[in-house]
Amino acid sequence: MSFLEVNNIDVYYGDVQVIFNLSMKVEEGEVVSIIGSNGAGKSTLLKTISGLMHPAKGEILFEDSFVQSAPPEDMVERGVTQVPEGRRLFMLMSVKDNLIVGAYNSRAGRHMNATLEEVYALLPKLQEREDQLAITLSGGEQQMVAVGRGLMAKPKLLMLDEPSLGLAPILIKDIFQTVRKIADQGTTVLLVEQDVKHSLSLSDRGYVLEHGRIAMEGPANELLDDPHIKTAYLGL
Amino acid sequence: MIYILEDAINGILMGSIYGLTALGLTIIFGVLKVINFAHGSLLMVGMYVALWVVSFSGLHPYLALIVVVPVMYLFGYCLQDVIIKPIFKAEKDVREPITVIVVTTGIWYILDNLTLLIFGPQYRNLPDNPLKGKMLEIGDMMISVPKLWGFIAAVSTAAAVYWYFQKTRTGRAIRATSLDREAASLMGINQYKIYNVAFGIGTATAGIAAVTLVPFYNIFPTVGVLFDIKGFIIVVLGGLGSMGGAILGGIIIGMIESIAPQFMTATWTEAIVYGLFLVVLFVKPSGLFGVKYDW
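These protein sequences, in sequence, are chains A and B.
Going by my numbering, the first sequence opens with residue 1, and the numbers climb by one from there.
Going by my numbering, the second sequence opens with residue 1001, and the numbers climb by one from there.
Possibly wrong hints are sitting among the right ones.
[Said to hold, decoys possible] Simulated pairs of lysine to any residue, SDA-like, Cα-Cα distance not exceeding 20 angstroms:
#, chain 1, residue 1, chain 2, residue 2
1, A, 96, B, 1168
2, B, 1167, A, 129
3, A, 230, A, 202
4, A, 25, A, 57
5, A, 181, A, 118
6, B, 1089, B, 1078
7, B, 1167, A, 181
8, B, 1092, A, 96
9, B, 1089, A, 70
10, B, 1089, B, 1102
11, A, 197, A, 236
12, B, 1167, A, 230
[Claimed, not checked] Computed spacing ranges between beta-carbons, pair by pair:
#, chain 1, residue 1, chain 2, residue 2, range
13, A, 38, B, 1281, 38 to 44 angstroms
14, B, 1033, A, 135, 15 to 21 angstroms
15, A, 180, B, 1087, 43 to 49 angstroms
16, A, 110, B, 1033, 31 to 37 angstroms
17, B, 1156, A, 184, 47 to 53 angstroms
18, A, 27, B, 1106, 52 to 58 angstroms
19, B, 1166, A, 128, 32 to 38 angstroms
20, A, 38, B, 1087, 34 to 40 angstroms
21, A, 184, B, 1074, 30 to 36 angstroms
22, A, 128, B, 1110, 35 to 41 angstroms
23, B, 1114, A, 211, 36 to 42 angstroms
24, A, 133, B, 1070, 52 to 58 angstroms
Keep in mind the hints are simulated off the structure, nothing from the lab.
Beta carbons are placed, not taken as given, at the ideal position from N, Cα and C, and that holds for glycine.
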């Protein structure tokens, strides 16, 4: 059995089907990328895993238990944390309060102070800014807070939804380095990205999502060399 | 001149009690984004509870807080959990669930009429309580003692709730939920439980306001309506969702009500209050102390 297993799910937004009979899996300790263009269903897939949406058909297993109908707070408690697209910080709360709220679940709550120190060690900028309101930070700093807030939940599986969205190239590099560091510390990472080159080069495996279906899958370096991916996503 | 000062002080004291009645309204709106039309009725329920506790026990009116606060907290918690939550869940994709407003209006009518049915329409009060009609003399000024107690209760309640929201785990979760429900649930926060707690806290503050009113105010089934309308004006004046704004907004209304009659017929004060309300809506729609932020 895999760490996370998605079996034949269909997901709808109202009447519109977004994901068709999709299956995928993530093993413990892996970094997996899901790449694809706008509207391919990447974010929907993450939202379905994190419990914000529920599949109409199929099942999702996390650590061998069925979780396809679990609400998001339940998934966080189990160890699945999503860093949402567009950061979604609590804008009128301080950076520190944002991080503390991240450790709301009972598993993480017990170790909050220790985790806070780990997050500050990984992202020292956040400690400098801890008393500032989140709304006053720059985009890159806000993304760091979002990632730090996700880490505060002590996730077993950290899912990042387009962490590079809207950031300058130099900051994108920073973000991906941080993701690599998080993975090296032993957290399993599921990364959804449009920045195919960066995300695949730090991943172990990748899935290519097209029109709500898995179009390709395989080891990340093979995908990077694939002629279809080169023309369709890398513009080579 | 001394009379204007006296009126100003008494106006501030009474206004802070208005603010206290509006505090729960602003808390509930801030978190649930629902205008609780039943808030005045919750205040009324709190007044009846306080009245019975004090008249049966014969204790100091403020000792009723020991009973009223937990009873009202539980009442609000259950009201939200049993009646409002199912509608919330059915309309979870709606940004400002209008059906919930209709339901709170229904709760208002049911509570008021149920009280009328059970306790009758007569005005009740606490005849021999130690605060009734007491005046504090400072020079030539007469300051109402029960209103002074109410002022202290209002300020300490607002401060305590503020502290709770800033410094505790649940308080932070409440603030996070009020800012972004979906992101909060991704942090592992059960938003419906947070709504229950917030509604409970809002109702408990209405209970505290009820205790401050009982020593000097008449109690009857529709007493809440008077405070309901004032409460709405206050929270819009102070800024929806702002707790300090609620107290300060209350104080502004209280001062207008007590000072204006010095210069004109008392009926004009209502016009001034509503006029100010309109001016604020035109000039600063987010309220005097509100933060311009789209949730």
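Against the structure, the hints:
1. A/96 - B/1168: Distance of about 13 angstroms is within 20 angstroms: holds.
2. B/1167 - A/129: 18 angstroms, holds
3. A/230 - A/202: With a Cα-Cα distance of about 17 angstroms, the restraint between residue 230 of chain A and residue 202 of chain A holds, given a limit of 20 angstroms.
4. A/25 - A/57: Holds, at roughly 17 angstroms.
5. A/181 - A/118: 12 angstroms, holds
6. B/1089 - B/1078: Between residue 1089 of chain B and residue 1078 of chain B the Cα gap is close to 16 angstroms, so the pair holds against 20 angstroms.
7. B/1167 - A/181: 31 angstroms, violated
8. B/1092 - A/96: Distance ~29 angstroms between residue 1092 of chain B and residue 96 of chain A Cα, so the pair is violated.
9. B/1089 - A/70: 15 angstroms, holds
10. B/1089 - B/1102: 15 angstroms, holds
11. A/197 - A/236: Distance ~11 angstroms between residue 197 of chain A and residue 236 of chain A Cα, so the pair holds.
12. B/1167 - A/230: 52 angstroms, violated
13. A/38 - B/1281: 38 to 44 angstroms: The hint (38 to 44 angstroms, Cβ to Cβ) holds, given that residue 38 of chain A and residue 1281 of chain B are roughly 41 angstroms apart.
14. B/1033 - A/135: 15 to 21 angstroms: Once the Cβ atoms are compared, 19 angstroms apart, the range 15 to 21 angstroms for residue 135 of chain A and residue 1033 of chain B holds.
15. A/180 - B/1087: 43 to 49 angstroms: Given range 43 to 49 angstroms: holds, Cβ gap about 46 angstroms.
16. A/110 - B/1033: 31 to 37 angstroms: 32 angstroms, holds
17. B/1156 - A/184: 47 to 53 angstroms: Given a distance of about 51 angstroms, which is inside 47 to 53 angstroms, the answer is holds.
18. A/27 - B/1106: 52 to 58 angstroms: Once the Cβ atoms are compared, 53 angstroms apart, the range 52 to 58 angstroms for residue 1106 of chain B and residue 27 of chain A holds.
19. B/1166 - A/128: 32 to 38 angstroms: 21 angstroms, violated
20. A/38 - B/1087: 34 to 40 angstroms: Distance hint for residue 38 of chain A, residue 1087 of chain B holds at roughly 35 angstroms.
21. A/184 - B/1074: 30 to 36 angstroms: 50 angstroms, violated
22. A/128 - B/1110: 35 to 41 angstroms: Distance hint for residue 128 of chain A, residue 1110 of chain B is violated at roughly 54 angstroms.
23. B/1114 - A/211: 36 to 42 angstroms: 57 angstroms, violated
24. A/133 - B/1070: 52 to 58 angstroms: At roughly 34 angstroms between Cβ atoms, residue 1070 of chain B and residue 133 of chain A fall outside 52 to 58 angstroms, so the hint is violated.
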